[in-house]
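4 protein chains.
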Amino acid sequence: MIVVMKSLATPGEINAVVNQIETLGFQVHLSHGTERTIIGVVGDDRPLQNHNFEMLNGVEKVVRILQPFKLASRDFHPENTIVEVRGVQIGGPKLTIIAGPCAVESRSQILETAHAVKEAGADILRAGAYKPRTSPYTFQGIGEEGLELLAEAREATGLPIITEVMSPEAVPLVGQYTDIYQVGARNMQNFTLLQAVGKTRLPVFVKRGLSSTAQELLMAAEYVLSGGNHGVMVCERGIRTFETATRNTLDINAIPLLKQWTHLPVFADPSHGTGKWDLVAPIAKGCIAAGADGLIIEVHPRPEQALSDGAQSLKPERFVELMSDLRRLAAAVGRVL
Amino acid sequence: MIVVMKSLATPGEINAVVNQIETLGFQVHLSHGTERTIIGVVGDDRPLQNHNFEMLNGVEKVVRILQPFKLASRDFHPENTIVEVRGVQIGGPKLTIIAGPCAVESRSQILETAHAVKEAGADILRAGAYKPRTSPYTFQGIGEEGLELLAEAREATGLPIITEVMSPEAVPLVGQYTDIYQVGARNMQNFTLLQAVGKTRLPVFVKRGLSSTAQELLMAAEYVLSGGNHGVMVCERGIRTFETATRNTLDINAIPLLKQWTHLPVFADPSHGTGKWDLVAPIAKGCIAAGADGLIIEVHPRPEQALSDGAQSLKPERFVELMSDLRRLAAAVGRVL
Amino acid sequence: MIVVMKSLATPGEINAVVNQIETLGFQVHLSHGTERTIIGVVGDDRPLQNHNFEMLNGVEKVVRILQPFKLASRDFHPENTIVEVRGVQIGGPKLTIIAGPCAVESRSQILETAHAVKEAGADILRAGAYKPRTSPYTFQGIGEEGLELLAEAREATGLPIITEVMSPEAVPLVGQYTDIYQVGARNMQNFTLLQAVGKTRLPVFVKRGLSSTAQELLMAAEYVLSGGNHGVMVCERGIRTFETATRNTLDINAIPLLKQWTHLPVFADPSHGTGKWDLVAPIAKGCIAAGADGLIIEVHPRPEQALSDGAQSLKPERFVELMSDLRRLAAAVGRVL
Amino acid sequence: MIVVMKSLATPGEINAVVNQIETLGFQVHLSHGTERTIIGVVGDDRPLQNHNFEMLNGVEKVVRILQPFKLASRDFHPENTIVEVRGVQIGGPKLTIIAGPCAVESRSQILETAHAVKEAGADILRAGAYKPRTSPYTFQGIGEEGLELLAEAREATGLPIITEVMSPEAVPLVGQYTDIYQVGARNMQNFTLLQAVGKTRLPVFVKRGLSSTAQELLMAAEYVLSGGNHGVMVCERGIRTFETATRNTLDINAIPLLKQWTHLPVFADPSHGTGKWDLVAPIAKGCIAAGADGLIIEVHPRPEQALSDGAQSLKPERFVELMSDLRRLAAAVGRVL
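Protein chains in written order, with the numbering used here: chain B, 1 to 337; chain D, 1 to 337; chain G, 1 to 337; chain X, 1 to 337.
Derived from the structure by calculation, the hints contain no laboratory data. If you're wondering where the values come from, they're calculated on a predicted model, not measured in any experiment. One thing to keep in mind: the hints can contain errors.
It does not matter which identical chain is meant; a pair holds if it fits inside one copy or across any two.
[As the list claims (entries may be wrong)] Keeping only pairs whose Cα atoms sit at most 20 Å apart, straight-line, the calculated EDC-like set for lysine to aspartate or glutamate is: (1) K94 / D325; (2) K259 / E112; (3) K199 / D44; (4) K6 / E304; (5) K199 / E169; (6) K61 / E145; (7) K259 / E317; (8) K276 / E148; (9) K61 / E119; (10) K61 / E84; (11) K199 / E22; (12) K6 / D75; (13) K70 / D325; (14) K118 / D325.
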């Protein structure tokens, strides 16, 4: 941490800052410039995050140098973390493809889709039983029945399943069925929920919030990790920008950036990232070429009748095509599918 | 709702869209242009929000015309809603000033602040017992003890209190103490929480999410209203933009816009909206001049020692000054303080 | 400037950075932490802005401490700059109101508007002769004829005039007519244009770009100032965010922030900042309450027939009302109108 | 175009809108709903872009249906445009790689880089002689001498050259040397400049503005095309968002979206799009996988000494590696390099 003093700060003001830092048990390095005095704190000053040096008289700004995450950081854990789910290795050389409908709608819909994505080569089945929706008047998911149908689809296909958990109270129930908890974009900073899944030992898949930085995404992962749950994956799914031609703006830069910063597996969601089914395939390819460890893709047998997110869902036949394209691409970038 | 067909859409594709709309019980108006056919749906088509006409062959885009909120809309409730809390009328000609520290830290801190803001003329006392924090390693609030101290401060000063509730499970406990539930920016789309407070009959103060539109803020209010709870207030508190010189960008446009769209009281939070104590006073004045019904302001007796948000907290003496400025200003814009 | 080394940086890499800084004539302060070494540069290191210390081996990041502007900074010029234009003092206790149509359309239109805004109490007349338009197919302004009509309106009313200059080549011609050059938002980083107006001695009114930070706005001002032209005013006019309910998001925070950073007069443009005539009055008031030195407002006698920006233009009778509201408000915030 | 009337609009107000549209020579379709009346305009209503129906009494909003660009649209020109520059075919199955330093700094620097990128397989040499810089105090390019050195590098290597033109006055001079005009991001809405290059017959490479939508980028292209110059290429180069970990956010969604909307060649700039040399290679691959027709990449023999943009420049050896990776990737996505 570096405290930059105002150009007119008095020696007394400078001393007050120095004293407060030293009182908290840290050493300082003073640099008296011709325009400004700069006070550097020596060592791991994360414990000082709570303190408001900005408020002391004569302080112009405080610059924090260290990344605030620790358990999620590659500095402290240089090798890639591999998360294992029912025999699927996530985060290794083999790419992981998660696919399925936005929501479980009916027994036949989820079974049909599960078989289709399994045949096309997907590794994990996704579908929501509880849906976070902007409007209280739209379809909110079919609830526990959906969890049961997902478990049945797992039985039928052998695919592990992932589904969203929306509140701390629902963690035990959802955990009876799912193999992976999904924490959705709108809940990325639902800290009570992050703490609740952090206390379990099921893997957690955290999606980046619409207006969250890559650093904040890793802080959300840090919440789960600091609960003792090491099975965390993070997922870029599009951020909100001024561009309205697409539903969101998939931030492809975040993929290699996150791979540098963290040892956790990094996914991308081209369905939510674009919001348009005819952009899903090119963006899916782009994300793999940029280094993602896997993808999560919405597939629905009849998107035009889907109860949510139909506009961004692929039909099974297009998903088959995409998987075949991705296989060629994976080989070209040194991965396997 | 208007469905715009692609320039090359076939008559069969156009008929398919028309048939689907009619099957759902709606009438259409067809407009065959020289470049495009446009299909308009007649009437209140909110029930069609679930349907993915975007996915039908030949469809270029779907334009939704009606605002998706109804109970929150001024169209359906032209008069201002007045929310009454222990004798304080919120949303009428008198401005409502909510003030207090970011967090309850200790008995003396909250009592000292409560007396100070009361004397300065504040109407309601704010402070968090549970704090949503980006990092799991920083101060998370003192919990139920904080609620007890808030209740004690209410006893001592007569000020009603508002405090944040962070999860559906905490709604009953927090409701034993508080007069108003605050739903924080990061929980604005925590739909399970919105439903939980919607089932209570305590007033709810909903803060706009960092990347939520004004329309989405009213949809969050709609969640609470549709649960049967009519005591809802909304609050502009700054959105996330590319500008990093301030913590957030307070969207002042949203204040008169929300006043046009909704009958609910509209607040502004210049503390979070700017993140810098020396910008709080000018922005507080700006928001009142633009038509806000009230303000929520962070005040702390010793901001430099505050356990959270010190950089944006006013000292009591500056709050006194601001209140006196606001009194003159209120008169100039036809309000009372 | 502070250079933060990577946690694994070698002593050799650290020395290389130190040597390069010293070779460039600067002294360093070294701070060896337990996790990172930090290298501070002593003194006014603006000349080092050109250098890419980020590229040296072992460097994690470079933090620049000093604001990059100098002539625009209040640090170097603590008193407010007053720009005088034909007897109008801009930047002093009296607020300056600039009003007029988006574009000069005809002799009668500009004369009618000029008289109307003069009577309502405006200080300066605005109108474009050359219009920057997103589409090549829409009205682009009437050119030099518009400049002549503006000059005629000045004769008729005594109001000084301001009009936009869009290219360096047009600077001499526009300068024959106008009292103030306007540099529009889309040209805020047209550096050739900034240099061209910087060489003249007519005052320059620089509007913030749609995606420019407040710091970059002052760097644009710095371009003009560094050419020797001291008559610079800056104007907040709305930035581009994810919110689409308004044309732009007027960044009210920027007003008091700019007043802290710079001695130049700070304006606001509620017409472009909102894009909706029925939001102009509340936002105009908000900007004055937040400390703006003046406003620029679009007024058109028949907005529904305006050739550009009609949707955000006030009719003269509404402008009269607004001026009367602003007079009361100005008094309440210690200004005069 | 669709005009949505307010719910309380009177028959007189509706008639007034209808009459005005008909007076302008267009037919309308009226749709009287239970909540709103909607007025659709039949046919190509681009000429109505100038008109402010928003201002008529009783109008709630105006929805424009047609894309505002025409010459740039794939609707009007379904086949890909191939731009030919000295034997290089841009926009066909073969990818086009443009590479070189940010700026021409010296004879040896540009010649060394030109030979290096040529050997690595680049098709076109880039470098700036005139540099748009945020600060007036930083390196602004070496001017005409830079153009001469670029021409010499073309002689020496056979590579066509591209360089930025910053003002209409400079168009003739720059045109004496360059093979392609580059219009930079900050000048994307410098309409005078777009008109000036539109009058020439040299190809124009238009970079997307930092806060410009994909639609506005094509409107900038439309300015050039409407001047009669058909050799236009567009380039995604990163937009400005709230994320500060990277210099910009490369909007990969825009690549397949632009390919759908326009027949013009679509490029990507991973150097500016990320601002960090160690993200350039993964993002370059991502853009090609997503369907870009080519890339523009900054390469500098000694990035740590570069006078601008060093932090995002590749060393020649890394560029060689990237080209070899791209060759494998191109084959996997059905392109050639």
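Now the hints, each set against the structure:
1. K94 / D325: both (15 Å within a copy, 19 Å between copies)
2. K259 / E112: Classified as neither: same-chain Cα gap 35 Å, cross-chain 33 Å, threshold 20 Å.
3. K199 / D44: Neither: 27 Å inside a chain and 46 Å across chains, both beyond 20 Å.
4. K6 / E304: This pair counts as between: shortest inter-copy Cα distance 16 Å, intra-copy 60 Å.
5. K199 / E169: both (13 Å within a copy, 17 Å between copies)
6. K61 / E145: neither (54 Å within a copy, 34 Å between copies)
7. K259 / E317: neither (32 Å within a copy, 23 Å between copies)
8. K276 / E148: Answer is neither; intra-copy 30 Å and inter-copy 47 Å both fail.
9. K61 / E119: neither (57 Å within a copy, 32 Å between copies)
10. K61 / E84: neither (44 Å within a copy, 35 Å between copies)
11. K199 / E22: neither (36 Å within a copy, 50 Å between copies)
12. K6 / D75: between (33 Å within a copy, 10 Å between copies)
13. K70 / D325: neither (37 Å within a copy, 33 Å between copies)
14. K118 / D325: within (16 Å within a copy, 31 Å between copies)
Hint compliance for this structure: hints 2, 3, 6, 7, 8, 9, 10, 11, 13 are broken, all remaining hints hold.
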